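Just so you know, the protein sequences line up as chains H and C, in that order. Going left to right, the first sequence walks through residues 1 to 274 as UniProt numbering numbers them. Going left to right, the second sequence walks through residues 1 to 274 as UniProt numbering numbers them.
By construction, these hints were calculated from the structure, which means they are not laboratory data. Small disclaimer: the values here were computed from a predicted structure and weren't measured. Fair warning: there could be bad hints in the mix.
[What the hints assert, rightly or not] Far from chain H by the CB rule (all over 10 Å, computed), these chain C residues: (1) Asp13; (2) Pro17; (3) Pro22; (4) Ala33; (5) Gly40; (6) Lys50; (7) Gly57; (8) Asn81; (9) Glu148; (10) Pro151; (11) Val190; (12) Thr216; (13) Val244; (14) Asp247; (15) Glu266; (16) Gly274.
[Said to hold, decoys possible] Okay, the calculated beta carbon distance ranges per label pair: (17) H:Gly241 to C:Ser159: 34 to 44 Å; (18) H:Arg172 to C:Asp91: 48 to 58 Å; (19) C:Ser251 to H:Ala161: 23 to 33 Å; (20) H:Pro22 to C:Glu15: 32 to 42 Å.
For every residue, glycine included, the Cβ atom is placed at its ideal position computed from N, Cα and C.
Spelled out from the first residue to the last, the chains are:
There are 2 protein chains.
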Amino acid sequence: MTDPGLIGWPIPDPEIPAATDPALAALANVAAAAFRSARGTLTRTELAEKVGMGADGTPTMRLDELVDGAIAEQVNRLGVNLLSEEVGVVDNGSASTIVVDPVDGTANAVAGVPLSAFAATLVRDGVPVESLTCWLDTGRCWRAVAGEPTPYRTTGRTSLAGAAVSLLRPQRHTVDAWWRVADQASRVRVLSTSCLEAALVAEGATDGFVDAGSDTHRIVDLAAALVLVPAAGGCVLDAFGRPVEIDNDLSKRWSGVVAATPLLAEELAGAIRG
Amino acid sequence: MTDPGLIGWPIPDPEIPAATDPALAALANVAAAAFRSARGTLTRTELAEKVGMGADGTPTMRLDELVDGAIAEQVNRLGVNLLSEEVGVVDNGSASTIVVDPVDGTANAVAGVPLSAFAATLVRDGVPVESLTCWLDTGRCWRAVAGEPTPYRTTGRTSLAGAAVSLLRPQRHTVDAWWRVADQASRVRVLSTSCLEAALVAEGATDGFVDAGSDTHRIVDLAAALVLVPAAGGCVLDAFGRPVEIDNDLSKRWSGVVAATPLLAEELAGAIRG
Numbered sequence: 001m002t003d004p005g006l007i008g009w010p011i012p013d014p015e016i017p018a019a020t021d022p023a024l025a026a027l028a029n030v031a032a033a034a035f036r037s038a039r040g041t042l043t044r045t046e047l048a049e050k051v052g053m054g055a056d057g058t059p060t061m062r063l064d065e066l067v068d069g070a071i072a073e074q075v076n077r078l079g080v081n082l083l084s085e086e087v088g089v090v091d092n093g094s095a096s097t098i099v100v101d102p103v104d105g106t107a108n109a110v111a112g113v114p115l116s117a118f119a120a121t122l123v124r125d126g127v128p129v130e131s132l133t134c135w136l137d138t139g140r141c142w143r144a145v146a147g148e149p150t151p152y153r154t155t156g157r158t159s160l161a162g163a164a165v166s167l168l169r170p171q172r173h174t175v176d177a178w179w180r181v182a183d184q185a186s187r188v189r190v191l192s193t194s195c196l197e198a199a200l201v202a203e204g205a206t207d208g209f210v211d212a213g214s215d216t217h218r219i220v221d222l223a224a225a226l227v228l229v230p231a232a233g234g235c236v237l238d239a240f241g242r243p244v245e246i247d248n249d250l251s252k253r254w255s256g257v258v259a260a261t262p263l264l265a266e267e268l269a270g271a272i273r274g
Numbered sequence: 001m002t003d004p005g006l007i008g009w010p011i012p013d014p015e016i017p018a019a020t021d022p023a024l025a026a027l028a029n030v031a032a033a034a035f036r037s038a039r040g041t042l043t044r045t046e047l048a049e050k051v052g053m054g055a056d057g058t059p060t061m062r063l064d065e066l067v068d069g070a071i072a073e074q075v076n077r078l079g080v081n082l083l084s085e086e087v088g089v090v091d092n093g094s095a096s097t098i099v100v101d102p103v104d105g106t107a108n109a110v111a112g113v114p115l116s117a118f119a120a121t122l123v124r125d126g127v128p129v130e131s132l133t134c135w136l137d138t139g140r141c142w143r144a145v146a147g148e149p150t151p152y153r154t155t156g157r158t159s160l161a162g163a164a165v166s167l168l169r170p171q172r173h174t175v176d177a178w179w180r181v182a183d184q185a186s187r188v189r190v191l192s193t194s195c196l197e198a199a200l201v202a203e204g205a206t207d208g209f210v211d212a213g214s215d216t217h218r219i220v221d222l223a224a225a226l227v228l229v230p231a232a233g234g235c236v237l238d239a240f241g242r243p244v245e246i247d248n249d250l251s252k253r254w255s256g257v258v259a260a261t262p263l264l265a266e267e268l269a270g271a272i273r274g
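Just chain H, same shape as in the assembly (with noise of 0.2 Å):
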């Protein structure tokens, strides 16, 4: 097998909504400028190579090193408080925490899949309380502020039935729950990116998103959504009632279902635990 080389597509600059917290927008440039960076110097096989285990309890890729390093000084000149996938909790000692996921997709992103983002949500005091999400190969940003109107609306769709939805790649041990969910959907897409997938359940490309019961899902993949999805009429809950919230321990899990509407959450899932 060889490596087809470097991946030739190129990383815009993020086209960040008006009014963005300052912090959010910072960081979320900060991203795509290192995955820029290593895109443009790192091949595939680079970018992939497992350099040691995140805070998450997952391995390390290059690529997400890179990302996630420069986010951490970057949040270190802002001041603030730092959640994220690969370098853990990092205590400025302010009130503000930044939830982030520096790349979302990491296996397209090495892959040259042009499907991953930069996510990231503002907590003060642990309540989440604006959102950014940023699909890294476009520029392409939907912004949320809780309490706030969006521009985004989803479908309104309240049944499973004929639904189009979005799931995890099926895995061995939950492939039963998988298949309850898709033979009931008239649409089924596997995109790889959980916060690009919830971004477009929040405008209404899409019906819902889940992770058919494999606890595959930490808080970097849900925070944003915790604020996006609702505030555009949706919802977001966990396939087996725990409460999906902001919590420092990076190894906790869960099966996220986020949907156009609470009943269509609350069946997707029904359907996931059978």
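Put chain C on the given structure of chain H with help from the hints.
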């Protein structure tokens, strides 16, 4: 259920590579312009409205009709023949026929999932000689000429175990074959846009793309891959061994297998047959 309205994302001009056949380039530009116009004026519901039956025997959505109509007009101006999903065969008495999928990933395109493509293949005296695939949502294009070097190179992977494979969505009658492939793969994606998924195999972003035995693929879904993928070192075949060739009979179906190497293609086909 409410329609969340117009899809706000812009459709850029295709970035057509230098030296592209002028007729292929003209059709890509016409397709992108018609797509942009439709998305700028019609809601999701209006774009998806079934307005008739296509030449391939599947229902035609309004978006397909608008884009394919614009293409048929341009083909008559150019004086070449056309073989297209919706309008079928247009014979202008030329030795050149262009096989077109006007909007590959129509379900994505009408919903606002940014994964849809235009694909066209120039055929001379029955032989595919040049292909152009354009990712309509970003303007990115892949071009190849049969027998000439390309900048694209597949991953070179030769075995399914551990491969990254894209599949058409699972259907009830073929779920066993679908799972035989997915279970052995290390990465599974369902992007719902065959022409774009074939392009990702050509450029080494993923190892393979299959219709796992559902006989959904038509010649318009596979024609561009017939030029693009072998030029990059890969292989296109049918899971059941039927020759994949240009045919004016649009009711013909295949279970296409697009892979980084002939060895991987044969292993994927075997896994589908079971």
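Hints the structure fails to honour: Those not satisfied are hints 10 and 11.
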